[in-house]
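Chemist: If you read the sequences in order, they're chains A and B.
Start counting the first sequence at 1; every next residue gets the next number (the UniProt record's numbering).
Start counting the second sequence at 1; every next residue gets the next number (the UniProt record's numbering).
Hints in this document: simulated from the structure, not taken from any laboratory.
Where chains are identical, the list cannot tell them apart; a pair therefore holds if satisfied intra-copy or between any two copies.
Subject to a maximum C-alpha distance of 16 angstroms in a straight line, what follows is the list of computed EDC-like cross-link-like pairs (lysine to aspartate or glutamate):
id, residue 1, residue 2
1, Lys23, Glu46
2, Lys53, Glu30
3, Lys23, Glu44
4, Lys23, Glu33
5, Lys11, Glu44
6, Lys64, Glu30
7, Lys41, Asp16
8, Lys11, Glu72
9, Lys53, Glu33
10, Lys5, Glu77
11, Lys53, Glu77
12, Lys41, Glu72
13, Lys5, Glu59
14, Lys5, Glu51
15, Lys5, Glu46
Computed from a predicted structure; not experimentally measured.
Each chain, written out:
Protein chains: 2
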Amino acid sequence: MYRAKVYVTYKDSILDPQAEAIKTALHQLEFPELTQLTCGKYFELELATTEAKAATTVEQMCQKLLANVNMESYRYEIVAAE
Amino acid sequence: MYRAKVYVTYKDSILDPQAEAIKTALHQLEFPELTQLTCGKYFELELATTEAKAATTVEQMCQKLLANVNMESYRYEIVAAE
Chain A
1 MYRAKVYVTY
11 KDSILDPQAE
21 AIKTALHQLE
31 FPELTQLTCG
41 KYFELELATT
51 EAKAATTVEQ
61 MCQKLLANVN
71 MESYRYEIVA
81 AE
Chain B
1 MYRAKVYVTY
11 KDSILDPQAE
21 AIKTALHQLE
31 FPELTQLTCG
41 KYFELELATT
51 EAKAATTVEQ
61 MCQKLLANVN
71 MESYRYEIVA
81 AE
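All chains, full assembly: derive it from the sequences and hints.
Modeler: Following this line, the structure appears as structure tokens:
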């Protein structure tokens, strides 16, 4: 059993009004120390597979469904789990 | 300058139809090895503050805005950045 953590965020070239709104809200809540904020999606998957196959499986999942590869970039970590 | 990575996920007791839908979709895309999936939000923040203050600032941000503490749990990591 392997556990994958997948992080999907907008590419730098893509405008993200949601992140801008959150940043503005945090500034209004008296957090002036915030200089930059990006937001994205986070997935935690459990896979009943071998270590060798886990990475290719997660890669395919990201390409096909979890990320919109035109606008988003993704990265993932795979760790062994019981 | 410190960088904080914040992960916000639903508590285990909260039903998450979005995660169920993604899981079903991945099964239909021929990934039967997927046994469990949770999804959540991911924020990356840059803070112009001291190390001592960074953790309390991020904690307050989560409590006040980033997470809905009734339904969601959060965790964060803080690392030094240039």
